[in-house]
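Protein chains in written order, with my numbering: chain Z, 1 to 82; chain U, 83 to 263.
Worth flagging that the hints you see were computed from the coordinates, not collected in a lab. Be a bit skeptical, because a hint or two may be false.
[What the hints assert, rightly or not] Derived lysine-lysine pairs resembling DSS-like cross-links, with alpha carbons at most 30 angstroms apart:
1) Z/K46 with U/K225
2) U/K200 with U/K225
3) U/K198 with U/K225
4) U/K198 with Z/K46
5) Z/K46 with U/K200
[Claimed, not checked] Covered, in the sense of this in silico footprint (three residues per stretch, anywhere, with C-beta under 8 angstroms from a C-beta of chain Z), are these stretches of chain U:
6) 122 to 130
7) 233 to 246
[To be verified] To give an idea of the chain U side of the interface with chain Z (calculated C-beta under 7 angstroms), a few residues:
8) T84
9) I86
10) Y210
11) F249
12) R251
13) T252
Cβ coordinates follow ideal geometry from the N, Cα and C atoms, glycine included.
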Amino acid sequence: MATDPGAIDGAFYEALRRHYSEEEIVELGTFIGFNIGYHTFFGTLKFYPMFAPDGRLVTQEESARIYGDAPVSLAGTVVQAR
Amino acid sequence: MTHIAPIAREAIHDATVAALVERAETLGVPGSSFALVLARMPTYAKAVLEAMMRSHFEGAVDHELKEIIRILLAGQAGSRYFGNLRSVPAAQAGLDERAISAGCEDYERNPRFSTKQKLALRYADQMYLNPTSVDAAFYAELKQHYSEAEIMELGAFIALHYGMQVFMRTLETAAAPGESR
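Okay, chain Z solo, but in the shape it has when bound (with noise of 0.2 angstroms):
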């Protein structure tokens, strides 16, 4: 859905059916949107990641630290629709 939404079809959602119920379907289709928006809006904001890559919690300033310029979630992310 983040990165190749055209993927997401009929097929995709059938195979989805034989392991999840349509109200998973929904929550989880709603969750992952819901992260595809503001996943990249907060990287605009310079909103680093809370979590160093070994799962300490870290500062802002040290977080910035470890990612460096690029927030990760800026990678990847983006819908090519057009």
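Could you slot chain U onto chain Z? The hints should help.
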């Protein structure tokens, strides 16, 4: 049509969800079909529908400008359903298709939009196509025209509506809800 069918209205047993679905239809956005899909998951429907309508129809930023932004984003997300929806209050206030088209096309060179409006349109336009361009310099420029509260209002509106549009895009079959083909 959608890959997950909208739930029948008579199958909604939560009065709050039923009221939100009706409001979504009356206001035109997010419309009844999306609301009825979400209604399959009532706890999410309550939170998301309320947030979508509050972020679009309330706040300090001009609603008509947000309606143009919403339609611009629907084009990027590839959601025919959301691209075809129109805000009833915005239409009643005079927002027409020419203004919407102008905002979704070359708005930067269109004199009908003020510098302030163009900045909001650029904020939405670049957020997902080129997020690295929405940098500190861009936020500094935004702050010359919008309060920080207004910037958060715009950013949260853009993020929520775009995210739901991408989800809806994946649900849409060859003929989106409301389309005859």
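To see whether the hints hold, each was checked on the structure:
For a cut-off of 30 angstroms, the pair hint linking Z/K46 to U/K225 stands: about 16 angstroms separates their Cα positions. Between the alpha carbons of U/K200 and U/K225 the distance comes to roughly 14 angstroms, so the proposed pair stays at or under 30 angstroms and holds. Taking the CA atoms of U/K198 and U/K225, the gap is about 10 angstroms. The hint holds against a cut of 30 angstroms. A hinted pair counts as satisfied when its Cα atoms are at most 30 angstroms apart, and U/K198 with Z/K46 qualifies at roughly 23 angstroms.
Distance hint between Z/K46 and U/K200 is fulfilled; the C-alpha atoms sit about 23 angstroms from each other, no more than 30 angstroms. Counting residues of the stretch 122 to 130 of chain U whose beta carbon lies closer than 8 angstroms to any beta carbon of chain Z gives 4, which meets the minimum of three for the stated coverage. Interface restraint, the stretch 233 to 246 of chain U with chain Z: holds (9 residues with C-beta to C-beta distance below 8 angstroms; minimum three). Of the supplied interface hints, the one on U/T84 is violated, with its beta-carbon coming no nearer than about 9 angstroms to a beta-carbon of chain Z, more than 7 angstroms.
The beta carbon of U/I86 is positioned within 7 angstroms of a beta carbon in chain Z (closest approach about 5 angstroms), and the interface hint is therefore held. The criterion of a C-beta within 7 angstroms of any C-beta in chain Z is met by U/Y210, whose closest approach is roughly 6 angstroms, and the hint holds. For U/F249, the interface hint holds, the least distance from its beta-carbon to any beta-carbon of chain Z being 3 angstroms, beneath 7 angstroms. The beta carbon of U/R251 comes within 5 angstroms of a beta carbon in chain Z, closer than 7 angstroms, and the hint placing it at the interface holds.
Because the closest C-beta pair between U/T252 and chain Z is about 4 angstroms apart, less than 7 angstroms, the hint holds.
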